[in-house]
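Number of protein chains: 2
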Amino acid sequence: MAQGLDARAVTIYSPILDKLALVEERLQDLAQTSIPELEPLLDHALSHGGKRVRPALTLLASSMIPLESENPIRMATGVELLHLATLIHDDTVDDADTRRGRASVSSLWGKEVAVLLGDYLFATSATLVCDTGNLRVVRRFAETIMELASGEIIEYFNTFNPQQELDRYYDRIYRKTASLFRTASETGAVLSAANEEQVCALKDYGYNIGMAFQVVDDLLDILGDEAELGKPVGNDLRHGVLTLPSILLMQKYPLENPIPDLFSAPRQDESLARTLDMIRNSSIVPDCFAIVRDYCDRANRSLQCLPSCDSRESLETLADYIRERSR
Amino acid sequence: MAQGLDARAVTIYSPILDKLALVEERLQDLAQTSIPELEPLLDHALSHGGKRVRPALTLLASSMIPLESENPIRMATGVELLHLATLIHDDTVDDADTRRGRASVSSLWGKEVAVLLGDYLFATSATLVCDTGNLRVVRRFAETIMELASGEIIEYFNTFNPQQELDRYYDRIYRKTASLFRTASETGAVLSAANEEQVCALKDYGYNIGMAFQVVDDLLDILGDEAELGKPVGNDLRHGVLTLPSILLMQKYPLENPIPDLFSAPRQDESLARTLDMIRNSSIVPDCFAIVRDYCDRANRSLQCLPSCDSRESLETLADYIRERSR
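Protein chains in written order, with this note's numbering: chain A, 1 to 327; chain B, 1 to 327.
The following block holds chain A by itself, in its conformation from the complex (with noise of 0.2 Å):
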């Protein structure tokens, strides 16, 4: 079973717990293999524990009109496992040691395979989503590797610019963030019984709630707490990285502003405590906060199209969480 899920996320899972823990049996099966160099890798990888929440949204939504088929299945494995990938890569470009307290795979094993490896999993979780037999989630799942890799791109060529347009900012964290989620309960849908009008409708559900993920993890960047965040406050700030709360500051502030200073190297500590500062005493908390709400109201919106049943039920939870987390 997926670790590390609390009272909330076992509620919101419920009417697809027995599923998810065949993804998890299907996960571990991956590190079977005839190639013994891959052998510890792939045990690494592929018990990486982690919340499950693509691949819940893949069984939720296919869940609300359901067909009997593997199908979900296959493609919610498909989906964690690129989650997977991308994360090796994104720790090898960023240098991180660690990922969720244990080491990153290139710190470990070096770069080389760390891009290796993630190129690996990328192709593995391809021939999953192969397996459904259905071209059309085939061909969105490469989309998605391209908008991950290109949020990547964006993202890296703009640290340390602290001139950023918002749509910029949302075009980015859809790529990042975003894009996968919409994935997961779109393809979901299209395995099942839903008809387009449904499928778009979850889709607008997984990229609103993909959205307000990314635009609450990036809040907590700036308000969480160390020990909670298991790293640095202003970690954001720190690399470079302007994401909604700095953005609005440099918009709020032209002139008087704590971050071009910050990007343009001396005296960074006082820099980033004094933008912390200005973020956390200013109207741009409670902005970005209605901005998490409206991301995840019109994702709750989408839903009534919908018909009433536990699935919809929990779809409609996981967004009540998400708004909560930012609060």
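Relax, there's no trap hidden among the hints.
Which stretches of chain B does chain A cover? Using the computed rule of at least three CB atoms under 8 Å from a CB of chain A, they are: (1) 32–39; (2) 107–120; (3) 148–160.
Now the stretches of chain A that chain B is said to cover, found in silico as 3 or more residues with beta-carbon under 8 Å: (4) 114–123; (5) 134–143; (6) 148–158.
Honestly, the hints are just simulated from the structure, not real lab data.
In this text, a Cβ means the ideal position worked out from N, Cα and C, and glycines have one as well.
Following the hints, complete the assembly by docking chain B onto the known chain A.
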């Protein structure tokens, strides 16, 4: 048009030159993007030149028993793009500053960007293959990426290991090289009017010339001259990679052999020179030639069930061409 094609290649490609030009056009079209950060990267990656032998294989295989369709061009473009993506990751893993006389992506923009650009191109190549609408070729394509990545992982973990079995060498070069050659010809056939026996024949053809191609490459690393290779002679051994000639040397002289010395650090230049001399002055070189000839003969024999036509003649000439490279 693909750059650097010599007269022989033009003859081989003559039945499909028009289609290969369309592949080239599509590759250039892919450089058009709405993402400004990606533009210079795609521009650089897609103007790589090269002999385009893999897409030529797809086009020749598909024109044996042709169907009126754009699919072989889509597939050939995907095959070449996959090749370009792997080169970018390989250069990142190998820390290579140049590729075909041009700066590598990782040396120009850093390894971080090279990892992400490779991911983007892998995924883009998969969307092209999805556009064929044929799930069988999409799945084969994903498996090929798994084989390519695992081949590189196996090679990486066996560097500086002087004890390697021949069958593991053959498995490794299948994954690294012959897998994509096989996929190029096999998918071309699947996307034509070929029957299953003919598909299988063209798959075998691709496999065998892929294996021959890599053995020749490994031989040239020892027999070639620096100017022609564009890299120092003995480059594989210098980087701790055993290939067919050096594995045969270890088998022939298990006791008095300079390779364990070469792989365990000091006096490397002397051990390298001795290793190269021993290989050159033994029966190993003609033995390797015989293995190449054998693969090429098998490649050509597998074509016997196919109709006599220009494309079949081209494939036969290609096998002869690879055989001659090894003399």
